[in-house]
Amino acid sequence: MEMTPKSQDEKQNNQPMDGSAVLIQGLKDQGVEVIFGYPGGAVLPIYDALYKDPIPHVLARHEQGAIHAAEGYARVSGKPGVVIATSGPGATNLVTGITDAMMDSLPLVVFTGQVASTVIGTDAFQEADIIGITQPITKHNYQVRDVADLPRIIKEAFHIASTGRRGPVVVDIPKNVATEIFVTKEERTSEVNLPGYQPTTTPNYLQIQKAAEAIRFARKPLILAGAGVLHGQAMEELKTLVETKRIPITNTLLGLGCIAGNHELFLGMAGMHGTYTANMAISECDLLINVGARFDDRLTGNLESFAPHAKVIHIDIDPAEIGKNVPTEIPIVADSKEALQALLNQEFNVPDTEEWLAYLRGMQEEAPLWYNIDEHEFLPQEAIQMIHRITEGDAIVTTDVGQHQMWAAQYYSLNNPDFWVTSGGLGTMGFGFPAAIGAQIAKPDERVVAIVGDGGFQMTAQELSLLQEMRIPVKVVILNNGALGMVRQWQETFYDERYSQSLIPVQPDFVKLAEAYDLKGYRITKKEDAEQIFREALLSDEPVLIDCRVKMLENVYPMVAPGKGLQEMIGVKSK
Amino acid sequence: MRRVITVTVINQSGVLNRVTGLLMKRQFNIESITVGHSEQPGMSKMTFIVHVEDERKIEQLLKQLQKQIDVIKVNDITDKAIVMRELALVKVVSPPHARSEINSIIEPFRATVIDSGKNVVTYQVTGAPEKIEAFIDLVKPYGIKELSRTGATAFTREIQKVNSPQLSILK
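Sequence lines, in order, name chains A and Y.
The first sequence begins at 1 in the numbering used here and counts up by one.
The second sequence begins at 1 in the numbering used here and counts up by one.
Be aware that one or more of the hints could be misleading.
[As the list claims (entries may be wrong)] Which residues of chain A face chain Y? A few of them, derived with a C-beta cut under 8 Å, are:
{"id": "1", "residue": "Lys52"}
{"id": "2", "residue": "Ile160"}
{"id": "3", "residue": "Gly196"}
Hints listed in this document are in silico derivations from the structure and should not be mistaken for laboratory results.
None of these values were measured; they are calculated from a predicted model.
Even glycine gets a Cβ: it sits at the ideal position worked out from N, Cα and C.
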């Protein structure tokens with residue numbers, strides 16, 4: 001994709017501009033390099049301004065595709081993803097993506113068109129109360145009532161989205177505001193002034209001392225690292241803490257990648273489909289150091305029996321997360337990087353953890369991740385391991401939600417941080433493929449593999465258009481088991497195999513679908529062919545789609561059943 | 001637990017909605033809520049009374065409120081020395097023969113008559129919500145035709161009780 005460099009024609013202040021021109025200029029001032037969007041009636045003035053003063057724009061084929069792509073871009077680049085959609089249906093089509101970004105703390109600035117101020121509230125054509133709709137699912141939202149407020153609101157929106165605990169901000173722009181002319185009065189570079197928004201980034205020194213003291217006396221310490229480590233770019237500090245103090249580490253689903261998947265002190269992911277060792281380590285540790293994870297219920301299982309022996313240190317930039325689910329002895333409100341740096345600056349003896357490490361290592365050997373190889377059918381786990389082998393663990397992997405996501409989390413051992421893009425909190429089907437497009441735009445030189453299921457892929461498959469149009473070399477791998485796999489697994493386990501509406505017997509010909517978009521499609525039906533097809537497809541420079549037929553009745557194990565404690569895992573196989 | 005919470009917010013449209021929406025999303029039941037201008041221009045003060053089960057829920061509520069961009073300050077003043085007032089307008093059935101009787105009953109409440117007709121009188125009463133309750137209970141037997149309450153507004157008193165050491169020699 002061609003990225004035109006940031007426009008150099010700096011417009012002078014005090015020059016009459018209309019709202020749309022102010023918006024485009026504001027985006028350039030913020031260093032926006034790409035917009036994901038879809039035009040429509042209410043945003044025509046904005047698109048007209050974009051025509052005159054271009055910023056590269058990705059025209060998705062559905063607003064949901066646009067916003068998931070913006071999320072993928074934000075996740076991989078660390079910069080806010082920018083989305084434009086029209087009023088009414090355009091705006092409501094964004095709701096899933098906004099919620100997804102909110103749940104996973106991804107920075108987005110979303111501009112929605114609105115009907116003219118004069119008709120707001122009259123149920124005008126393509127009017128929807130997007131401010132009311134998005135209030136519970138945004139970090140903040142604005143409706144611009146006066147064009148003179150627009151420069152300030154743009155700055156505030158980007159500031160709020162990308163600082164503190166990051167998240168989506170919606171800016172709703174009525175059509176007349178976009179066309180109104182005004183003379184910019186304020187300096188575009190003036191500082192943001194939000195008295196009600198002052199995120200704490202520097203940790204409290206006394207709390208850091210307490211944390212150091214707790215680590216010093218711990219016999220069985222454990223680090224639980226979440227996405228906050230990645231958002232705070234604290235990977236180096238984390239690694240230093242892990243290695244110098246010899247503390248074992250586990251990750252949440254969203255925290256994967258913050259330490260290399262093959263690190264000797266890494267126990268694998270924790271939670272519902274985490275490793276046995278990681279979950280037992282949580283159940284047995286005497287000190288749990290949570291860095292940037294929010295103790296989601298898919299991680300903790302039954303709270304009654306979560307980390308029963310542990311003193312809890314919780315480092316989080318959002319004070320509302322501390323103590324929300326798990327009582328915390330040592331709360332530290334701070335940016336993860338600053339907190340870990342402060343902790344590393346403390347002089348404290350290294351606890352002797354060798355016995356604890358040996359115990360956990362024994363457990364890892366005794367009860368590793370497992371699956372039974374099938375003589376005839378290709379297993380999804382084998383497919384993921386094959387993808388891992390061929391891409392040498394260096395690809396950016398995106399997923400939807402479900403079985404394929406859990407297998408990818410378990411078997412695609414990541415070498416790099418920020419190379420894992422998944423829908424964690426909201427669990428959004430249809431996320432993975434458009435997110436891969438955004439990730440590829442953020443990092444054009446990396447290999448991006450979208451690992452999706454046949455169900456989720458069909459929710460946003462229309463974005464195949466973009467691969468062809470923009471020559472985005474995303475590799476789409478459909479782990480096709482002809483079912484809504486996780487739903488089917490739960491029905492098998494908890495509903496007596498009553499497969500209500502979870503099997504999809506009639507599928508489109510995915511290869512032909514790819515061909516309809518003028519893309520190369522592959523199909524893997526026999527496991528003997530898999531290696532060769534994957535190798536050819538994944539190593540190609542082109543966008544490709546691989547319809548990988550895998551065993552339908554394969555389940556994700558091990559598992560913590562809903563309502564159970566982490567120590568009650570099922571599907572654990574010991575050697 | 002009944003908690004009295006004051007919230008200072010930037011006076012912008014949608015802020016009340018944001019705050020009540022947050023309470024709804026997290027399943028807090030509001031007993032009363034009042035909003036009005038404060039001493040600072042551009043700032044409003046909300047007072048709300050809310051029922052919560054335990055300390056952790058109240059802590060979570062305060063933190064969530066604090067997280068809102070338009071919220072400047074959040075205070076749980078339940079356990080402080082506070083001034084709390086509510087106003088109620090009560091339209092009571094009051095035929096001429098009963099009027100003096102009712103008037104004598106309401107006197108200790110320092111309620112005032114603000115409108116009267118042939119058979120009805122409207123009283124205004126201000127005070128803590130408990131006082132309002134007591135007043136309503138008292139006039140209920142005469143027949144309440146209409147009732148309108150504002151909800152409580154509150155802030156802390158200038159002088160707070162300090163936990164001073166026990167000085168009595170008897171203890």
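How the hints compare with the structure:
Given hint, Lys52(A) at the interface with chain Y, is violated; its Cβ is 32 Å from that chain's nearest Cβ, farther than 8 Å. Proximity of Ile160(A) to chain Y holds as hinted, the smallest CB-CB distance being about 6 Å (cut-off 8 Å). Interface hint status for Gly196(A): upheld, as the beta-carbon distance to the closest one in chain Y is roughly 5 Å, under 8 Å.
In terms of the numbered hints stated before, the structure departs from hint 1 and from no other.
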